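**Q** Chain X is already provided as a structure; the job is to place chain P on it using the hints.
2 protein chains.
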Amino acid sequence: MKTDIEIAQEATVLPITEIAEKAGLKPSEIEPYGYDKAKINLDKDVKRDHEGKLILVTSINPTPAGEGKSTVTVGLADALQAAGKKTMIALREPSLGPVMGMKGGATGGGYSQVVPMADINLHFTGDFHALTAAHDLLAAALDNSIYQGNPLHIDQRRVIWKRVLDINDRALRHTTIGLGGPTSGVPREDGFDITVASEMMAILTLSTDLMDLKRRVNNIVVAYDFDKQPVTVKDLGVAGAITVLLKDAIKPNLVQTLAHTPAVIHGGPFANIAQGTNSVLATRTALTLADYAVTEAGFGADLGGEKFMDIKVPKLGKEPDVVVVVATVRALKHHGGQALADLKQEDLSALEAGVANLQQNIKAMKRYGVPVVVAVNRFTDDTEAELAMVREAAEAVGAQAVTADVWAKGGAGATDLAELVVEKAAEKHGFSPLYEENDSAVEKMNKIVQNIYGGAGVELSDKAKKQLATFAEQGWDKLPIVMAKTQYSLSDDAKKLGAPKDFTIHVREFVPKLGAGFLVALTGNVLTMPGLPKHPAAMDIDIDEKGRITGLF
Amino acid sequence: MKTDIEIAQEATVLPITEIAEKAGLKPSEIEPYGYDKAKINLDKDVKRDHEGKLILVTSINPTPAGEGKSTVTVGLADALQAAGKKTMIALREPSLGPVMGMKGGATGGGYSQVVPMADINLHFTGDFHALTAAHDLLAAALDNSIYQGNPLHIDQRRVIWKRVLDINDRALRHTTIGLGGPTSGVPREDGFDITVASEMMAILTLSTDLMDLKRRVNNIVVAYDFDKQPVTVKDLGVAGAITVLLKDAIKPNLVQTLAHTPAVIHGGPFANIAQGTNSVLATRTALTLADYAVTEAGFGADLGGEKFMDIKVPKLGKEPDVVVVVATVRALKHHGGQALADLKQEDLSALEAGVANLQQNIKAMKRYGVPVVVAVNRFTDDTEAELAMVREAAEAVGAQAVTADVWAKGGAGATDLAELVVEKAAEKHGFSPLYEENDSAVEKMNKIVQNIYGGAGVELSDKAKKQLATFAEQGWDKLPIVMAKTQYSLSDDAKKLGAPKDFTIHVREFVPKLGAGFLVALTGNVLTMPGLPKHPAAMDIDIDEKGRITGLF
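From first to last, the protein sequence lines stand for chains X and P. Take the first sequence: its position 421, counting from 1, is numbered 421 in this note's numbering, and each next residue is one higher. Take the second sequence: its position 382, counting from 1, is numbered 382 in this note's numbering, and each next residue is one higher.
Because the hints were derived from the structure by calculation, they are not lab data. Quantities reported herein were computed from a predicted structural model and do not represent experimental measurements. Careful, some of the hints might be misleading.
Identical chains share a label here; the pair holds if one copy fits it or two copies do between them.
Straight-line Cα separation of at most 27 Å, DSS-like style, residue types lysine-lysine; simulated pairs [stated by the list, open to error]:
1. Lys546 <-> Lys47
2. Lys22 <-> Lys409
3. Lys366 <-> Lys85
4. Lys478 <-> Lys466
5. Lys86 <-> Lys26
6. Lys409 <-> Lys86
7. Lys495 <-> Lys363
8. Lys478 <-> Lys447
9. Lys2 <-> Lys247
10. Lys534 <-> Lys234
11. Lys234 <-> Lys546
12. Lys247 <-> Lys546
13. Lys2 <-> Lys344
14. Lys546 <-> Lys26
15. Lys318 <-> Lys47
16. Lys26 <-> Lys318
17. Lys85 <-> Lys47
18. Lys546 <-> Lys44
Isolated chain X (complex conformation) (with noise of 0.2 Å):
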């Protein structure tokens, strides 16, 4: 069997100029990078009032079995342009930190892949090299602020901006920086995240525009001052340059499928402690030129598809008009007890237990009013019991299920899903917002809990007790929340698979993102700096003499 790399390799991929052109931009509305890469700037003097439908791809709780959601999205548009309509897929960057490390990248995987897939999975065009520029300048010029006499007054006990670079570097969790005596800075705790952790992703992805992006940029809280008051970017006055290490940065980028849809892939924020999918510009891109824009939001429903719906639709302006839920056989079963070892093994009776995961993520997704459906990702060792069975039980919730087996045959393999799509994106809906503004962070995060996760409600510590009282008072506990919980559990404990019932959430702790606009529930840990496993992914990579590149995955 061909690799991924091997497959992407040995593909046609058109001169971007091309797929731009099939996608309706003019030649001054792309900046090339290579043949087959482009920046989008689209030229806002071209009347262009169309908006196309709006196709949300989400999954149940992900599993160690895989469920190959990027690969069911691309399969979908590849289906979708073959069925004649007019597609673009909108999808998230990859970090090159799990790239490296253990994950892989994210530009799908056999048949149904975005190309070029090493170039996209490595440094594309920079966006997060950018980034990573961008928060650990204001970094620099934050320590710099408390070297130079601290004029400010921070208090160098309450930093909160730490910084980051794109790798896994489990060592750089926990620092102390400033060390080497009156010349080197001073001394504090510091301690490092993956890039697509920082609050600068957050805020690039939201950005209506580079004005928008600067605005949410100097509001960005880094520290407190010995008053315990916040203290902004716009204090330490670097905004305009952060913003202009970002200007090529907020522009989408343009690349292909193997199948040659034009596909926008652009920004790529955490799903637990940021919104999880791709730019508000990418999307509206693709909202704008196609007919049909295909997009994906991170981990399962219960986190991506939630923030989706309640962060990203408000700023997009726009609802999904279908949501396709992925799930596999293989990892349902696993969400009803059957071990990994055992998963080519037929087992109704996990599977049973196991589909209530598939039902809560519909459910929560059916919360908002607009149409779901689910893609069941077929492997070889399916049975037709087990494909039935998953198939009783999303109807049983109200979503339709159909097979797709898109990594063997791309498009070709989602031909039923598309017919499926384009049916209920017919179909009119309206849109149910799951809290008001004016809901308070308590009565929210209750919402998201009983309604999106099954469970209870929320139970808060001291902690983020006294730190609602400290909002209030700052007058930020009116904004959105972003949990951040576990991906693999409804709950925020990741044994508990499958749909558990009568759980709590525990809030340890908020982190306020007011360039960004929310505010985090962290529960339980979250790891936002992963380590490398023993044998890193990079230990396999290569690249020959004629410059063919293996091991990437």
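**A** Positioned in the frame of chain X, the structure of chain P alone reads:
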């Protein structure tokens, strides 16, 4: 008076495809990055036996008064082009850290600039970001190896591979990492350098192709084990991944001057702890395509010039046909003792003392047997008497001097200089290497100090002596030497301006750079991570809704 960025933003920039055609590149030999930048990918099947003349621009020891070396380099090239000579420039890429700090960019100035100025000074084509990622992936792999059972027996007190960021951030000079308990690594002392100080940068700019780069990366010594034996990248097994990360960064970048002279800008190693000049591939590209390849070396002739001759020329396989030493009357007066505040006043006695610095730098370059000329970068306050004194001083040591007025006039201000360069380049000359491979390290350094700096010789610390003994056991003792010395003085004392005599250079410590293939001799304190000043340049940089950038210089 217009600022550099205003002049640059008002310029007519030709499409990079036109510049490429003018330079003699086939359309398939460039990869455009936007409309005004491209990567060059020379087709090995195209026969090009051509080799142009190599013009090296260097300078006196830099002072706070400024010399304008890059500006003269660009102006000279534009003048050569205007005279009908097929010309290309080969320059280093600027580092983002100083752009946001104090020094500003490195794209020339006034009407002698390379453009797009802002892009080149910011992320350009992402080369430095790729180097940062490659460097820090290696650091993460190293700490991960220690964490995952330490199979290589790395002594965490003897790790010599630090981390890098392309930001001026003094608080990262000395850090402790791996804190936070057993799941977050193994605690040890660490620190960050600026990206341009990375051995990866030295390697990228010395490599002749991607496989040569991989070979060099494998050779990097990152630490010592508990038996004090070197641990290399080969042992860690990540050279393939690092090479993949640098697959595009190794390709030279094509841009243009304001006068549309093609310019190759690529790589930017420090001129103290590395060779301080653009990549071998970039200079080779300019030599292959043009009749006159104008290039530059960092800091003064004693640092960048010497390293160009002793480190780069052997890899390039070509010596300079003319060396241009840039000086200003202001800077020479400062070398002779005139205070910075008084530099607008004529002061022939200060100048008489100061020209000794110019003379020593001329003698240093003449030592190699190549023609040397002096370009006096003219300022409005320079008097005729002062200019005459500089000319006479240069002629007294065998170098003709002409004035250039390139900031205000561009190439038109360097007509005399271009004529002189063409004349000298036609002269027959030899090339006498300063030292032989088989000279001992001490012999090599004595030759540098005596012939280039005009000093007495070197003195080694006990530690440095002990290191040389160890290096002899490892077989490293015959590597070329990179002297890491202050750029401000010919001696190792930054305060000794002019041309000090009878001084000794004190070598504190050696740093073996087995990937780059040289030993760095540290004299005094060499700062490899700059700090931000009280009022960083970043505070004045801004961008408006039309994309106009201000405050970049």
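**Q** Could you work out which earlier hints the structure fails to respect and list their numbers in ascending sequence?
**A** The structure breaks none of the hints.
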